[in-house]
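Starting from the structure of chain W, add chain H where the hints point.
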Amino acid sequence: MKGATAEKDASMQKQKEMIASHFTELARVKDTGKKVVYTFVPGNLTELINHFGMLPVLPEINALQSGMRGKSAEYISIAEKAGHSEDVCTYVKTDIGMLKAGNIGPTGEPLPKPDLLLLSYTGCFTFLKWFELLREEYDCPVIMLHVPYQGEGEITPEMRSYVADQIREVVIPQFEKVSGVKYNEERMREQMRLSVRAEDDLVWVLNSARAKPSPIDSWFGGVYYIGPMFTSFRGTQDAVDYYTMLREEVQERMDAKLGPVTPDGQAKEEKYRLVVEGPPNWTSFREFWRMFADEGAVIVASSYTKVGGLYDRGFRHNPDDPIGSMADYCMGCYTNLNFPQRTEMLERYINEFQADGFLINSVKSCNSFSAGQLLILRELEKRTGRPGGFIESDLVDPRYFSAANIKNRLESYFQMIEAKRKGAKS
Amino acid sequence: MNVCVGIDLGSTTTKAIVLDEKGRIVGRGITNSRSNYDVAAQVAKEEAFTNVRFSMLSRALDEANVLGKDLPQFEIALRRAFDLEGYLGQLDRLELHCREDLAQGRYGDLTLALSGALSTIIQRLRKDAPKLFAPGQKARSDFFRDIAGAGFIEAASELARAGGPPFDRIVGLFDRSIIPVENEQEQRTFTQRLLAACKRAAQLLNGDSLQVSKIVARVADTPLNPVRLVGTGYGRARLPFPKDQIRSEILCHGLGAHLMFPKTATVLDIGGQDTKAIQVDPIGVVTSFQMNDRCAAGCGRYLGYIADEMNLGLHELGPLAMESKHRVKINSTCTVFAGAEFRDRLSAGEAREDILAGLHRAIILRAMALLARSGGVKDEFTFTGGVAKNQAAVNALRELVKENYGEVTLNIAPDSIFTGALGAATFALRDIEAGAPSSGDQRLAAAGAIRDSHNHQHQGGCNGDHCGS
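Read top to bottom, the protein sequences are chains W and H.
Residue numbers for the first sequence follow the working numbering, so the first one is 1 and each next one is one higher.
Residue numbers for the second sequence follow the working numbering, so the first one is 1 and each next one is one higher.
So here's chain W without its partners, still in its complex pose (with noise of 0.2 angstroms):
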């Protein structure tokens, strides 16, 4: 146990010099001349960014950050003073927020501004209106990938090729003009071939819950898992290097039958094995976790993982096809993907996983996720027979998280599930 500690301390302290690393590179830019991109976790691109020697910046990584670090009720209200309504996500406003406060990185550094914004994810309407206020402030370039909704629940030919199309003839031109560099298929090869093995041990992570116990929290510790694939790393040796570590240690946990870490430390006995749908809320995102591992509930598996990427439903980058694998990714990110399959994929996870329930976090901010939501958990209910739970809160503004009441609803959720489980017995 003691071993698997000090393991899973050195996956994290990884990613941690990994973050730093790249934060420092941010700070460096006046001094190295490389080029600063913005854009969004769902569909990015980047080993394209990388394979031009610019750095990506996500400012929805920055407002959940911000969320995580106290600073979004802040941001928000300095948002709010400058005319955003508080029915806007709140990630835009405290991007908006942190980017008048002085866009003040993590490091504490300010982050430089971009040289190009790219929207390769369009499926989310407000990525659009952010971006538009992006470029009031920024005055560049801005790139709009396009991006079909799989509204008849797959992708077609026509559809892939359109997006490819856009990758080929609009977005590598402008990176090429933009950063000096020309594009080279041969190294692309050779970034997806990274990308490739990192994406299998990263599902080997997420599939390790279907284990009992779970070695892991899919949802709470999953979006630590996420991090290096969905943001500026995919492609690299590093994102291999991390993964690898996080495999082996999850393996031991696994050998061990240890339950995953909680913010109190090793996770007591695992009562409940959900499967979650929603993002998490970041600014009370320990005591939120707390909740649940208080009660012994676990989350095996969670759509929220999959916002950047369906790795673990068979999609990888293609090192034979980089462009045309580039544009399913981009189609193929979880909240592109129709109602029917997002009900099929939490019902797969239901049974595969073998879950107790399933519980739905509404949050106010997102409508890609929320819109439907409710008719998601009652065909659920009816497909699995497993109960649903369903708790309201948003991703940063903390005036939408009321712990009492959240908590109040998951221990009733919980007994639900216990009363059933008994119901069953007799």
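Calculated directly from the structure, the hints in this document are not laboratory data.
Among the clues, some could well be false.
[Stated by the list, open to error] Quick list of in silico lysine-lysine cross-link-like pairs, DSBU-like style, CA-CA up to 35 angstroms:
no., chain 1, residue 1, chain 2, residue 2
1, H, LYS127, W, LYS364
2, W, LYS14, W, LYS268
3, H, LYS243, W, LYS364
4, H, LYS389, W, LYS420
5, W, LYS81, H, LYS329
For chain H alone, kept in the frame of chain W given last:
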């Protein structure tokens, strides 16, 4: 007798239900939740236990048939005498605390005069007490502080006018002593108090008072053993129970509603602070529920604000709304905006009853949305919580349920306030049946002799067992 106890610590009232081993309701208690949940739980529990003994006594007297047709009259007299005994005990303690206060030396030259005034007042309160608790006399309040306080102030005022110590100095004695009095145990055991009460009540009898006293003593001494307690409600975390004896109020309400109306499929509970829509299976297990996490619009408190705004009692709103001829359409159910909404409509020339009818419909519309989210309204449909007592709200609900879900049986129990406590008590009983260890707390387990320190009055309608399973 072994019993199971359920306690529901709500935001406004605390309720207790006592079940016997067969799951029959044998006692109920209710008190205001006050700022001290521990005391509230204790008072409700003791009230319920007192209730249990009175039910047992009724049965025993009935079986012995010593009183014949005088039994109902005797029961009432005994209960009032019991309450009187409690009141007199508290008066003794009030005097004691006031004297301790006087002995602190803070009153200087006034000490002697205040001491005399105190004697006069307490004497007068004692003298007046039997009238206050006479059978048929309507209780002014359920609480010692209100009943004794009113008499104390009246007497203090008279004494001051007649040249005694200043009014505020006399009343200051009461103010400083009342809280310790409320939070203290009575010196006498339950049996002693009941026997004293029996002596008083027996004076009204023509029958065999000796035999009655014997039966009363036997019942009072029958050990009452709370084998398990389960707590629920907002204050449940404050209950001194281990975690496995605490259940969420959603589960308790679901089960309670099922027990009251076994065909219940959907439950709506509109309480002071939240609205719950609950679906239960045929054995009363909750299968899904919805509550609002981000906003409390449309809860019972909304009507409370409106009542304050109109300077009316909460219970007066429903009847007034029922007089409406042309309901006003109201959209906002924000509790804080309720007052503004109301004033705006008044200034637009709308009638009060029409606005009220609109407000009632608005909160029920909000509940309908929650019901829809939880899976809709299924047959049968049970409505609980404080708002279920409001006929205008019930009518709006009936109408909207019919519009949206067709004909559905709507159940409302007159004692639906005990729904959560009933569910909790039943969980306690089921835990015992499933082999959970007995875990009644020692103070209560030891108390075949329960010390009723709070002179809590009996509340009407709580001694039947018509909502047992």
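Comparing the hints with the structure gives:
no., hint, in the structure
1, H/LYS127 to W/LYS364, "violated (64 angstroms)"
2, W/LYS14 to W/LYS268, "holds (27 angstroms)"
3, H/LYS243 to W/LYS364, "holds (32 angstroms)"
4, H/LYS389 to W/LYS420, "holds (31 angstroms)"
5, W/LYS81 to H/LYS329, "holds (34 angstroms)"
Checked against the numbered hints given earlier, this structure breaks only hint 1.
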